[in-house]
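Peer 1: Taken in sequence, the protein lines are chains A and B.
Position one of the first sequence corresponds to residue 1 (this note's numbering), numbered consecutively onward.
Position one of the second sequence corresponds to residue 1 (this note's numbering), numbered consecutively onward.
Fair warning: there could be bad hints in the mix.
Because identical chains share one entry, a pair is satisfied inside a single copy or across any pair of copies.
Claimed, not checked - For lysine to any residue, the following SDA-like pairs were computed, each having C-alpha atoms within a straight-line distance of at most 20 Å:
id	residue 1	residue 2
1	LYS213	ARG173
2	LYS238	GLU103
3	LYS171	VAL4
4	LYS213	GLN93
5	LYS181	ARG57
6	LYS238	ASP19
7	LYS181	VAL22
8	LYS238	GLU228
9	LYS213	ASN42
10	LYS181	GLY23
11	LYS171	ASP198
12	LYS238	GLY100
13	LYS238	THR109
14	LYS16	SER71
15	LYS227	GLY23
16	LYS227	MET244
17	LYS213	PRO231
18	LYS171	ARG245
19	LYS181	SER215
20	LYS171	TYR204
Since the hints were made in silico from the structure, they are not lab data.
The lines below spell out each chain.
Number of protein chains: 2
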Amino acid sequence: MNSVMQLLRSHRSIRKFTDQPVGDALIGDVVRCGQSAATSSNLQATTVIRVRNPDTRRTIARLAGDQEYVSTAGAFLVFCADLNRSRQACAMQGGEFVTGMTEHFIIATIDVALFAQNCAIAAESAGLGICYIGGIRNDPAQVTELLDLPDQVYPVFGFCLGYPAQDPEIKPRLPLDVVLKEERYRDTGDVDGIRHYDERLRQYYRTRTGGTKDSNWSLEMRDLVGKESRPHMRGFLKTRGFTMR
Amino acid sequence: MNSVMQLLRSHRSIRKFTDQPVGDALIGDVVRCGQSAATSSNLQATTVIRVRNPDTRRTIARLAGDQEYVSTAGAFLVFCADLNRSRQACAMQGGEFVTGMTEHFIIATIDVALFAQNCAIAAESAGLGICYIGGIRNDPAQVTELLDLPDQVYPVFGFCLGYPAQDPEIKPRLPLDVVLKEERYRDTGDVDGIRHYDERLRQYYRTRTGGTKDSNWSLEMRDLVGKESRPHMRGFLKTRGFTMR
Numbered sequence: 001m002n003s004v005m006q007l008l009r010s011h012r013s014i015r016k017f018t019d020q021p022v023g024d025a026l027i028g029d030v031v032r033c034g035q036s037a038a039t040s041s042n043l044q045a046t047t048v049i050r051v052r053n054p055d056t057r058r059t060i061a062r063l064a065g066d067q068e069y070v071s072t073a074g075a076f077l078v079f080c081a082d083l084n085r086s087r088q089a090c091a092m093q094g095g096e097f098v099t100g101m102t103e104h105f106i107i108a109t110i111d112v113a114l115f116a117q118n119c120a121i122a123a124e125s126a127g128l129g130i131c132y133i134g135g136i137r138n139d140p141a142q143v144t145e146l147l148d149l150p151d152q153v154y155p156v157f158g159f160c161l162g163y164p165a166q167d168p169e170i171k172p173r174l175p176l177d178v179v180l181k182e183e184r185y186r187d188t189g190d191v192d193g194i195r196h197y198d199e200r201l202r203q204y205y206r207t208r209t210g211g212t213k214d215s216n217w218s219l220e221m222r223d224l225v226g227k228e229s230r231p232h233m234r235g236f237l238k239t240r241g242f243t244m245r
Numbered sequence: 001m002n003s004v005m006q007l008l009r010s011h012r013s014i015r016k017f018t019d020q021p022v023g024d025a026l027i028g029d030v031v032r033c034g035q036s037a038a039t040s041s042n043l044q045a046t047t048v049i050r051v052r053n054p055d056t057r058r059t060i061a062r063l064a065g066d067q068e069y070v071s072t073a074g075a076f077l078v079f080c081a082d083l084n085r086s087r088q089a090c091a092m093q094g095g096e097f098v099t100g101m102t103e104h105f106i107i108a109t110i111d112v113a114l115f116a117q118n119c120a121i122a123a124e125s126a127g128l129g130i131c132y133i134g135g136i137r138n139d140p141a142q143v144t145e146l147l148d149l150p151d152q153v154y155p156v157f158g159f160c161l162g163y164p165a166q167d168p169e170i171k172p173r174l175p176l177d178v179v180l181k182e183e184r185y186r187d188t189g190d191v192d193g194i195r196h197y198d199e200r201l202r203q204y205y206r207t208r209t210g211g212t213k214d215s216n217w218s219l220e221m222r223d224l225v226g227k228e229s230r231p232h233m234r235g236f237l238k239t240r241g242f243t244m245r
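So here's chain A without its partners, still in its complex pose (with noise of 0.2 Å):
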């Protein structure tokens, strides 16, 4: 592997920040180089707000199940998928924008992760550490009044970075032959993996809290998965002109 691949097999979220603040001008190199990312059909669907208003990210930090790194970060964005943008350029040549599109919904989410992911790798090349905070959904509606998102605008995550105040452990992920399949989809052998990964994941808690949790990744899907999530998302996303047909 390459040092750039070495970069990228590197990454763990990153909660602690030191003080020192993140300067304008390496953000706005952060924010091109996501600019520079795909962008399904050039659609350029992504905005990006920096928020500094100590009050507003204190009420994000807590709207986001109180992640006080919302606050304390050196810098804190939010990516918005932002379909307003290409709406007024629509209408600047008379033509009618067609609301509520499953599918111009999905790719205005792919293109702000696509942008934020490379935020992501600029960021840690620089040597800052970044955490996604998708708890922003937690209250969209809240955050998106907050912003002052116009229709046609939602946010998708928030994003925290900052210079890394901790060095915490590379969480281990699935095992390769789980999750890259020759020709056709198969789950021979996945429920194997799946245990393998199960062990691995739960001395990696082990070690990481001196004993205290206990768990595995099938134990975590059940929680995750095994419950309702967001269920207010559907109704926010219909009000913000999304997904309606």
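On the provided structure of chain A, position chain B as indicated by the hints.
Peer 2: Showing chain B alone in chain A's frame:
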């Protein structure tokens, strides 16, 4: 900008490839780099299917809108959003999978995009070129059948990679101040920014095509969001167990 940022900034889609094959070990490294991307609540919802069968690749090339590089690239991957694996893990712990949550659809789709973008960077760092193939969503039902995808798995996009046999110019993006905002969404100046970008993109197309292509961003957007786009997606996703609630 450091060398990693320069790599990120140098991206352009590659659609012509040499005959040089892409080795299995390199594909393995690329996918491992994908696995290192952040994943929501450790869901790891990405399954990558490498398609080698020439007939299958030709079929997918055709349904993606005659994108022949799907057939000719050194390797072709299909990135799937996979909740079937977490459903299995949930069942291993006696849990009952909750079908159709829009939020699960969102986190799975974002997971796949973050993973794929790491693969893109890894591939480009090794001298490969890549191209995302959103066109597989032209007929996701046929792709699902070809790859034998179970319920709770959908094909998000294809991904060509190989050694480049072309060296296209980098496509300009929207001005930074249009996509990076402070504190809240404000669209003052966005129309000017779009006009400025329209002119830049028109020049880029003229230069690239020797004057044949005369378009700009707002015209592209009128054709993209001023029309229905893949209206089957909503119904298709429901048949696969996604976005029902």
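Peer 1: Taking the hints in turn, state whether each one holds.
Peer 2: Checked hints:
In the homo-oligomer, the alpha carbons of LYS213 and ARG173 lie at most 20 Å apart inside one protomer (18 Å), although the nearest pairing across protomers, at 46 Å, exceeds that limit. Taking the shortest alpha-carbon separations for LYS238 and GLU103, both the intra-copy value of 14 Å and the inter-copy value of 13 Å come in at or below 20 Å. Proximity of LYS171 to VAL4 under the C-alpha cut-off of 20 Å is restricted to the intra-copy arrangement: shortest distance 19 Å within a copy versus 23 Å between copies. In this homomeric assembly, LYS213 and GLN93 come within 20 Å of each other (Cα to Cα) only across copies, at 17 Å, whereas the closest approach inside a single copy is 58 Å.
Within a single copy, LYS181 and ARG57 get their C-alpha atoms only as close as 42 Å, which misses the 20 Å cut-off; across copies the closest is 15 Å, which meets it. For a Cα distance limit of 20 Å, the shortest separation of LYS238 from ASP19 qualifies neither inside one copy, at 40 Å, nor across copies, at 47 Å. Taking the shortest alpha-carbon separations for LYS181 and VAL22, only the inter-copy value of 16 Å comes in at or below 20 Å, while the best intra-copy value is 41 Å. With identical chains, the CA atoms of LYS238 and GLU228 are at most 20 Å apart both within one copy (19 Å) and between copies (17 Å).
Proximity of LYS213 to ASN42 under the C-alpha cut-off of 20 Å is restricted to the inter-copy arrangement: shortest distance 15 Å between copies versus 45 Å within a copy. Taking the shortest Cα distances, LYS181 and GLY23 sit within 20 Å of each other only across copies (15 Å), while inside one copy they are farther apart (43 Å). For the identical chains of this complex, LYS171 and ASP198 are intra-copy neighbours only, at 12 Å inside a copy versus 44 Å across copies, given an alpha-carbon limit of 20 Å. In the homo-oligomer, the alpha carbons of LYS238 and GLY100 lie at most 20 Å apart both inside one protomer (8 Å) and across protomers (16 Å), since each shortest distance falls under that limit.
Both within a single protomer and between protomers do LYS238 and THR109 lie at most 20 Å apart by alpha-carbon distance, with minima of 15 Å and 18 Å respectively. Proximity of LYS16 to SER71 under the C-alpha cut-off of 20 Å is restricted to the intra-copy arrangement: shortest distance 11 Å within a copy versus 46 Å between copies. Within a single copy, LYS227 and GLY23 get their C-alpha atoms no closer than 41 Å, and across copies no closer than 41 Å, so neither meets the 20 Å cut-off. Taking CA atoms no more than 20 Å apart as the test, LYS227 paired with MET244 passes between copies only; the shortest distance there is 15 Å, against 24 Å inside one copy.
Taking the shortest alpha-carbon separations for LYS213 and PRO231, neither the intra-copy value of 28 Å nor the inter-copy value of 46 Å comes in at or below 20 Å. Taking the shortest Cα distances, LYS171 and ARG245 never come within 20 Å of each other, neither inside one copy (39 Å) nor across copies (32 Å). When the C-alpha separation of LYS181 and SER215 is checked against a cutoff of 20 Å, the pair qualifies neither within a copy, at 27 Å, nor between copies, at 40 Å. With identical chains, the CA atoms of LYS171 and TYR204 are at most 20 Å apart within one copy only, with a shortest distance of 7 Å there and 43 Å across copies.
Consistency note: the structure conflicts with the earlier hints numbered 6, 15, 17, 18 and 19.
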